[in-house]
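Heads up: the protein sequence lines correspond to chains A and B, in order. Under this note's numbering, the residue at position 200 of the first sequence is numbered 1333, and the numbers go up by one with no gaps. Under this note's numbering, the residue at position 230 of the second sequence is numbered 1363, and the numbers go up by one with no gaps.
In short, the hints are calculated from the structure, not lab data. Don't take each hint at face value.
Stretch-level coverage of chain B by chain A, calculated; a stretch enters the list once three of its residues show a Cβ under 8 Å from a Cβ in chain A [stated by the list, open to error]:
#: 1; stretch: 1190-1201
#: 2; stretch: 1248-1256
#: 3; stretch: 1288-1295
#: 4; stretch: 1317-1326
#: 5; stretch: 1329-1341
#: 6; stretch: 1460-1472
In silico contact screen, one side only, chain B against chain A (beta carbon under 7 Å); selected entries [as the list claims (entries may be wrong)]:
#: 7; residue: Y1141
#: 8; residue: K1143
#: 9; residue: G1204
For every residue, glycine included, the Cβ atom is placed at its ideal position computed from N, Cα and C.
2 protein chains.
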Amino acid sequence: MTKVNTNYLKLSSNYLFVDIARKVEAFKQEHPDRKIIRLGIGDVTQPLVKTVIAALHDAVNEMGDPATFRGYGPEQGYAFLREAICAHDYAGLPISPDDIFVSDGAKSDLGNFQELFSEDSVVAVTDPVYPVYVDSNVMAGRAGDLFDVTWSRICYLPCTKENNFVPELPSVRPDLIYLCYPNNPTGTVLSKDELRVWVDYAVREGCIILYDSAYEAYIQEEGVAHSIYEIEGADEVAVEFRSFSKTAGFTGLRCAYTVVPEKLTVSDGRGGKVGLRNLWNRRQSTKYNGCPYIVQRAACAVYTEAGQREIAETIAIYHENARKLSEAVKGMGLSVFGGVNAPYIWVGVPDGQTSWDFFNHLLTDAALVCTPGVGFGKSGEGYVRLTAFGSPKDTEEAIERLRQL
Amino acid sequence: MTKVNTNYLKLSSNYLFVDIARKVEAFKQEHPDRKIIRLGIGDVTQPLVKTVIAALHDAVNEMGDPATFRGYGPEQGYAFLREAICAHDYAGLPISPDDIFVSDGAKSDLGNFQELFSEDSVVAVTDPVYPVYVDSNVMAGRAGDLFDVTWSRICYLPCTKENNFVPELPSVRPDLIYLCYPNNPTGTVLSKDELRVWVDYAVREGCIILYDSAYEAYIQEEGVAHSIYEIEGADEVAVEFRSFSKTAGFTGLRCAYTVVPEKLTVSDGRGGKVGLRNLWNRRQSTKYNGCPYIVQRAACAVYTEAGQREIAETIAIYHENARKLSEAVKGMGLSVFGGVNAPYIWVGVPDGQTSWDFFNHLLTDAALVCTPGVGFGKSGEGYVRLTAFGSPKDTEEAIERLRQL
């Protein structure tokens, strides 16, 4: 009989957000009259901006006309979009349009990129961490065995208030290092100097950094790198993942991109080196057929002057939500992290409670949904994540409920 | 230093269609005045139909309004689309909407599905074959080593005029069997009885059939199964891959679906069985974020009465192209296969020529691009593929050039 990839069987059958959804559903059944406000999953609520909507309509019309209809596009993405991304997001940095690969989502790219590496590669992740980095490596057989919430072969880099959410360099060299800044779930950032420590380490030790920068658009403070390529040498060790999801409200429209600089090489296992850019191109050409033309036109419209002004207005709404939520939580006497350069607020739960305790408390007593920190890893215990992606009205109401707790 | 997945290095650096593009480009440089007509790559040319365009505009408007905006959708696809697919394409068959997974393309799903199986699984493919089945398994380490155009661990099932393009059962049991009907590249089909032989074999031997049915909409003749689930027992052994690409001209819009029946199980490697549906759901939930909402609305519009009428008109255009092309090629004294239940025509090249010889002949002497059969495998030598996806005008001109050869 045909045999399964047994690595899949090691995964717990439930995904964090599925567990949460089940608890929320149960609460809803018991309290059909209570209005639940979701500050859990990181999904946007503001509609697509006008310039993006107009670009979509125009592109749809092109697809209905034989003279302008487009079939298969380049798997890597249309040049018009790769050039706009490069000119806007990588001006002055050592990145060319050929290094940019457009896709349907950072989750897909982050999940798939590990395929390019040897099965015995050692993976390091910050803790707490976005589950996709770990789960995709579990599926590929790199994680070892699960004990409670930690995998035997994964190298965890704790990020807690004790180290100010700055991970320490690992004692044993990993092959792949996943970093996410601004961070999901903690909402914290690294200063440029703190990020440089990691790039220098990767250069010295021959590691690859997989840098998830999906929340880059939320950076407000000086001294925080918008791209890892602002750090010298990063183009020899780092892949950068970016997305239009949180930048321009594309969570339901689906467009992202991954930067694989030409200089980025790994060992070919026989004494030579091999470039990752060509390999990623081969992977995408074989297993992917490109992002829809109309969506690429929409993404391109984000880079127009009007598009930039409009998305800045939307992001300002979420920033204001974050500011007010942070204040309200501080008012409850709780410690608050993140929320300035990111749409996420990381809340230390009251002493003696677990993160699931506090999740249950907020759900039962305020009909508010948060994400328990332990769902993101062992070092997330004692925290919950709140998102600022709600509508201003819902966020105000959530704040009022928090005040009354 | 971090090490590459060395399986990637076994792939030839060029993909068939890239090789062709390079030769065509060279010809263009030398003959800038000649109009090239492409009968090579299987891309559609007719625009999206009116009903689909209208559905796209409506859905775009929803995305611009806070009351109807949609963020993350279900990774598996919206229920409205899965239910429409089930009601229309699987009426009377043992398939439920929960068995259907909507995605951005059959290429993605066919490329990714092998992840669910053990690394030592033995893979069988018909020969000639769509390169994605083989290449994705090479990347996963299942193909062995390459000798000329064949892989040492792949089980090839020759399909030539000698066996009327009906593959014989393999002498050694494979774990995974890729079948594609109507076939890409040959354009041939299996009768229901011929397909039943394969389902019965898979049931008896405990194999999984990965059934690519991307060209189902082109079936015209009686006695040909539109879905493998028309064969009793197939829901215990087969996954079916379908696409809107060729059915409704979605090659640039990107929507497909994969059917994983609940009854489909494989060995868990420790004496038990495990259902593939849950595992595919876990894979998609971890590494994919769903097809764009607006695209799913467009796909749903295909199933309306007007949508069905309109796509039938488009498909009729391609059928007529295929009929005329077949006649013209027969008029050249060449043997012709396929082209009736598929948009592909498989042409036996003149005695003494290779498929690349004939490719060069058509390009040089008629400025026509075909696909050399050997690019699809050893048994494709001696054939070329022509597609009927050109515009009627270009196809007429191609026919005229063929007549003058």
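Hint check against the structure, violated hint numbers in rising order
When the structure is compared with the hints, numbers 3, 4, 6, 8 turn out to be violated.
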